[in-house]
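Given next are the chains, with one letter for each unit.
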Amino acid sequence: MISFEEFVLEDDGPIYLQIIKYIKQGIAAGTIGNQEEVPSRRALSALLGVNPNTIQKAYHMLEEEGIIVSRSGAKSFTSVDDDAIARIRRELLVSDTTVWVKSMKLLGVNRDDAFELVRQIWNDMAGGEE
Amino acid sequence: MLEIRSLNKYYNSEKGKVHALKDINLTIGHGEIIGLFGENGAGKTSLLKSILGFHSYKGEILLDGKIIDRSNIGKLSFATCEHSFFPNLSPKEHKEFYQMHFGTFRLKRFEALMNFFELPMNKPLKAYSTGQKNQFEVIMALCQGAEYILMDEPFAGNDVFNREDFYKVLLGILEPEETIFLSTHLIEEVEHFISRAVLLKRGQLRSDVTTLELEDEGKSLMDYVKEMYHYRADRVSKALKEMGGEL
Amino acid sequence: MMDMKKFYPPGYEYKKEWSAVGTIFALGEMLAFWLFAENLHSAREALFTWVVGKKEIMEGAVAEPFITLVPGYMMFFIPVAIFLIVMVVYHYFYYYQYTKSIYVMRRLSTHSVMIKSCVAGPVICMIVGLIAAVSIYFLYFGLYMLIMPNECMPRFM
Chain V
129 MISFEEFVLE
139 DDGPIYLQII
149 KYIKQGIAAG
159 TIGNQEEVPS
169 RRALSALLGV
179 NPNTIQKAYH
189 MLEEEGIIVS
199 RSGAKSFTSV
209 DDDAIARIRR
219 ELLVSDTTVW
229 VKSMKLLGVN
239 RDDAFELVRQ
249 IWNDMAGGEE
Chain G
542 MLEIRSLNKY
552 YNSEKGKVHA
562 LKDINLTIGH
572 GEIIGLFGEN
582 GAGKTSLLKS
592 ILGFHSYKGE
602 ILLDGKIIDR
612 SNIGKLSFAT
622 CEHSFFPNLS
632 PKEHKEFYQM
642 HFGTFRLKRF
652 EALMNFFELP
662 MNKPLKAYST
672 GQKNQFEVIM
682 ALCQGAEYIL
692 MDEPFAGNDV
702 FNREDFYKVL
712 LGILEPEETI
722 FLSTHLIEEV
732 EHFISRAVLL
742 KRGQLRSDVT
752 TLELEDEGKS
762 LMDYVKEMYH
772 YRADRVSKAL
782 KEMGGEL
Chain R
138 MMDMKKFYPP
148 GYEYKKEWSA
158 VGTIFALGEM
168 LAFWLFAENL
178 HSAREALFTW
188 VVGKKEIMEG
198 AVAEPFITLV
208 PGYMMFFIPV
218 AIFLIVMVVY
228 HYFYYYQYTK
238 SIYVMRRLST
248 HSVMIKSCVA
258 GPVICMIVGL
268 IAAVSIYFLY
278 FGLYMLIMPN
288 ECMPRFM
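Chains as they are written, first to last, in this note's numbering: chain V, 129 to 258; chain G, 542 to 788; chain R, 138 to 294.
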């Protein structure tokens, strides 16, 4: 069963998008696998303190993307083969990087300086490499 | 389905005739969790009491197509900041009363909620603290077995218990056909809990919007309410400026 | 003892009400009895006359009929009746005390529950009180028969 213990509700952006992103991140990172059970609408609603309609919208959109499927009764499971995982990874990477690039451009940073900045911060963090 | 059509409520005060509710049209379906917001005197309590038939009104209020009378009023329950429990009875005695008079009483839910809030079963309600009284009032409204649970500022008063937990428990136990219509000032607190927000201003229905719609517009509920009330964010800085000369 | 709670509003301290009713009833009866005793004594004395230092029944004396000795007996019950009527109203306002439990009562599917809770208790008290008052009246009669000399009994009471 997908765990939402680590999920934190932020103030920015619609909650259903945050839930979708959380699940996609889990899939991309490998913490959420294929054929893993998705919590029921009601259970997740109670866990997060969020109205079931919001949960429903998130699940509905994931179903439309084919990332989750409903099976016997009310249970839903993830349905992601290697291609899907790769696609989701790419999608998240592109989206996060786009946000960052926009931010850099807004601050008037040129491309080379931006790359240098990335290298510095990457190395300073734990597990950095030259 | 609860249908309110052309609801108007007048009452007499020292200032003459007051038009408390002006032409309200509202439809509430099963399973909705609706927040009712508005300034003091906006008509929130009048609206709830009209639905319950506690006073006369003009217009039509139908429950599943029928007028609300003794035969179907059991489908509505009510929790109010005025408190409607019996002060001399204990929770156990309330349970017995409700079981006798409301055939739909939810015993398991009652016991679970009493346990969850750690409320004593055998003390008379008048001996409870304000917070406990509020909790019990809400518990009874939830356990009557009604389809439409109306609440009028149920968490008002000097009350400290963790309401966040309460909303979560509620979301976990509510059946799909149960509907909550909650009048409250605690806008930020209930923002994620509700699915729909209804705003009253001076007796009129100013807005009726789902939280999903608000999310898509990128507005928080508080911002939306402020907007509807033409709240001017510069009020404080303006006032301080004006006072600046005197200080 | 049957559970009387169901004849009163939930949680109402009906025993206090009974004490009050009982007290008013007792006071009324004591007053009635005092008047009756006076009248009975006078009526009895009226039958006797002094003959050579001895008290003797007058010839042909006929006792006053019993009913003339307790005129308006039931008037002493009126304070009880008034009190019980006031209690019916008080029971209604009980639902507005501390909390508005009236909101619960007005949502019950059987209208009679609320009316019954206001009215039933006082009605029962009223019936019991009337029975008691009438029984006491018969006791008075028994007293009358006991105290009045047999030879003076009027043909019709």
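There could be a bad hint or two in this list.
As the list claims (entries may be wrong) - Once the Cα atoms are required to be at most 30 Å apart in a straight line, the calculated DSS-like pairs of lysine-lysine come out as:
#1 G/Lys633 x G/Lys649
#2 R/Lys153 x G/Lys636
#3 G/Lys667 x R/Lys192
By construction, these hints were calculated from the structure, which means they are not laboratory data.
Quick rundown of the hints versus the structure:
1. G/Lys633 x G/Lys649: Holds, because 13 Å separates the two Cα atoms, which is no more than 30 Å.
2. R/Lys153 x G/Lys636: Judged against 30 Å, a Cα distance of about 25 Å means the pair holds.
3. G/Lys667 x R/Lys192: violated (70 Å)
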